[in-house]
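A.B. asks: Use the sequences and the hints to build the structure in full.
Single-letter residue listing:
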Amino acid sequence: MNTEILGIILMFTATLVAAIPIGKYIAKVYAGQKTFLDPVFNPLEKVFFKISRIDPAKGMNWKEHMVALLTINVVWFLLGMLILMCQQWLPMNPDHNPNMSPDLAFNTTISFVVNCNLQHYSGESGVSYLGQIWLMFLQFVSAGTGMAAAAAVFVAFREKTTTQLGNFYDFLIKSCTRILLPISVILAIFFVFQGMPMTFEGKQTLTSLQGDTMTVSTGPVAAFVPIKHVGTNGGGFFGANGAHPFENPTYLTNMLEMWGQFVLPMAMVFAFGYFIRRKKLAVMIYTVMTIGFLLLVIPNIYMEMKGNPAIAAMGIDNSLGAMEGKEARVGAAASGFWSIVTTVISTGSINSMHDSSMPLSGMNELLAMMVNAFYGGDGVGILNFLIFIILAVFISGLMVGRTPEFLGKKIEAREMKIAMIIALLHPFLILVGTGLATAFPAQGASTLNNPGFHGFSEILYEYTSSSANNGSGFEGLGDNNLWWNISTGFVLILGRFLPIIGPVAIAGLLAGKKYIPESNGTLKTDTGTFALVIFAVIVIVAALSFFPSLALGPIAEYFSMR
Amino acid sequence: MKKHILPAIKLSFVTIIFFCVVYPFAVWAIAQAAPNHGKGMLITHKGKQYYSNIGQAFTQDQYFWSRPSSVAYNASGSGGSNKGPSNEAYLKEVQARIDTFLVHNPGIQKSEIPVDMVTASGSGLDPHFSVQAAKVQVKRIAKCRNISEARLEELIAQQTEKPFMGLFGPEKINVLKLNIALDDLK
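First to last, the protein sequences are chains R and U. Letter by letter, the first sequence follows residues 1 to 562 in this note's numbering. Letter by letter, the second sequence follows residues 1001 to 1186 in this note's numbering.
Be careful, since some hints might not be right.
With a straight-line cut-off of 30 Å between C-alpha atoms, the simulated DSS-like cross-links for lysine-lysine are [stated by the list, open to error]:
no. : chain 1 : residue 1 : chain 2 : residue 2
1   : U       : Lys1162   : R       : Lys306
2   : U       : Lys1135   : R       : Lys306
3   : U       : Lys1110   : R       : Lys306
4   : R       : Lys58     : U       : Lys1003
5   : U       : Lys1003   : R       : Lys513
6   : R       : Lys50     : U       : Lys1003
7   : U       : Lys1010   : R       : Lys28
8   : U       : Lys1010   : R       : Lys58
Derived from the structure by calculation, the hints contain no laboratory data.
C.D. replies: This is how it looks when you write it as structure tokens:
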């Protein structure tokens, strides 16, 4: 069999095999049970909490959770603005990179605080090493924030009736130290031995074999890249992200980075199942997600391996596939695979330039972010999926004439309203943003890198990526200006915090309700039939809201090429 | 909100110490045990140092050309062309690359040119190209350097990097290493 295809199969299998035990481990961590890393982290966390005078055992209700979450995020935001706008005067800046402009610093800080990592700068010239290390910090804690919110939801569904959903700080720190850090360290060890730089010496100047002088940017890359993936952040150390040969030196690092970003979103599904002691439900969720993922990824691999028909028509050997924007050591197949993994989960790191993907591959990348719940980002993926579950429970409840119930709790008007608002928020942010940018050519059209339908796709992609907190881009877009920095900045904030607050609120409200034991009249939510209903809800929401915009962009481009 | 501000600031402070100082230092310390002490994949040839995994521009006829690059192999930056597949101006550029290639490589059929030789990589610093990309340049280099084609074919076979563990991923050739070996042939 083709070695490129074998590589993909290995990546997917290795992720699944690891996700189940890691999921079990995560469930134990959040439940406060004994794990093998206790001797290392118990004393460490004690120090953390002692210095910050936090009692990690103190329970919080869902509102306190959200207040704590938002407060600490504001602290990180203010600190981030300060660092990025003053980096020129701060230490650890061997390349003498300038301060960020206020609008760029706003966009960058927001984007890393909300786990999106949309980048309107290039790492080589846009941030100092101190800035990079700071962004790396945000990559840890923003992923931890999402996971902490998910942990609160886990607690809500485990207990029969409760208002206390655990302690936010406890979940945040445990996510960072016990889940994100160990995996990052293991990956970092692999990476330094695969030739990824870990140095603070700045740019190097050397002479090429042919005799040209060349300057090479380096940096502490090997510490940055693991958490960039494990935390589903995706912000690149260099401008070219995972396509850069320092950020992704070999096929092995490509597989490991793929594994690193994919494993926690999968593991969180299993962790949910273990934690609330309903494995069958987790398997149902996992199946829906995987079917959705495969439906998107298989066509992409096929189309990228097949290559650009317009280039094939020129009469050259097109057997390597669509190599524009792709690296020879990765190949078309693994690039196509990555392009969907990184968009279904909210990483947004890239190992090929999505702007140069085939038209319908670009559409699948967009769809992956529009759904944003096939696995999804660390923690937040399962929160997004919960919204679809609530909608599906309500719809199927109406269809069979039973009270809509989920895990023994009645779904009533209040929860439904929240779910509807959150489900509609995503298309609202994307389509309104795209509409505005398209309506004002001075802001939209003038910044495009490609004419026609593809240019429209660049605008659509930028807002989709922002709202989905993904962070990848059709990078041809000239996006470092006031319009893009500010407009996507606000989409980022709304697209992050409302979809966290909504599901946590629903879970908190449901947790406070009376538990109704399952009976013959209960709608079963862990069956194949229910999986089908959820899938249908996802397709309908995504298709109805986004089809017109997709028709104007990638679909129109596809037909114009025939 | 008020009762959370102080704990939030203090907790941020300790976690910054841990994740911004302790963690990177630990990775840096591990890197000191790695080849080249974490400075990247450096190789030395005739007293000159190169990064083996940062592509270089090879434009002279006596060397195997590297892939087109939209940053001209200037490694102080990186990036792809970001041209869409249907972009007319871009397709003209590809056509022009094919024509240039044919002018410099007489006796080569259009259908022998692999697509990676006429398309820009994602980073603009791609250190590799495909095996076919090397083979298609053999005629030109043989003539230019007065070396037999068979010898060059042999060199290519030696420099071909097999898929990972022989099973996973594409075959490829490091252009810099190939050209260094080519210089050493005489």
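A.B. asks: For the pair supplied as a hint, U/Lys1110 and R/Lys306, confirm whether the alpha-carbon distance does not exceed 30 Å.
C.D. replies: holds, 19 Å
A.B. asks: Holds or violated: R/Lys58 and U/Lys1003, Cα atoms, limit 30 Å.
C.D. replies: Holds, at roughly 14 Å.
A.B. asks: Given the hinted pair U/Lys1162 and R/Lys306, is their Cα-Cα distance within 30 Å?
C.D. replies: holds, 22 Å
A.B. asks: Is it true that the CA of U/Lys1010 sits at most 30 Å from the CA of R/Lys28?
C.D. replies: holds, 27 Å
A.B. asks: Given the hint that U/Lys1135 pairs with R/Lys306, does the C-alpha gap stay at or below 30 Å?
C.D. replies: Judged against 30 Å, a Cα distance of about 22 Å means the pair holds.
A.B. asks: For the pair supplied as a hint, U/Lys1003 and R/Lys513, confirm whether the alpha-carbon distance does not exceed 30 Å.
C.D. replies: holds, 28 Å
A.B. asks: What's the verdict on U/Lys1010 and R/Lys58, does the C-alpha distance respect the 30 Å limit or exceed it?
C.D. replies: holds, 18 Å
A.B. asks: Are the Cα positions of R/Lys50 and U/Lys1003 separated by 30 Å at most?
C.D. replies: holds, 16 Å
Every hint from the earlier list agrees with this structure, and none is contradicted.
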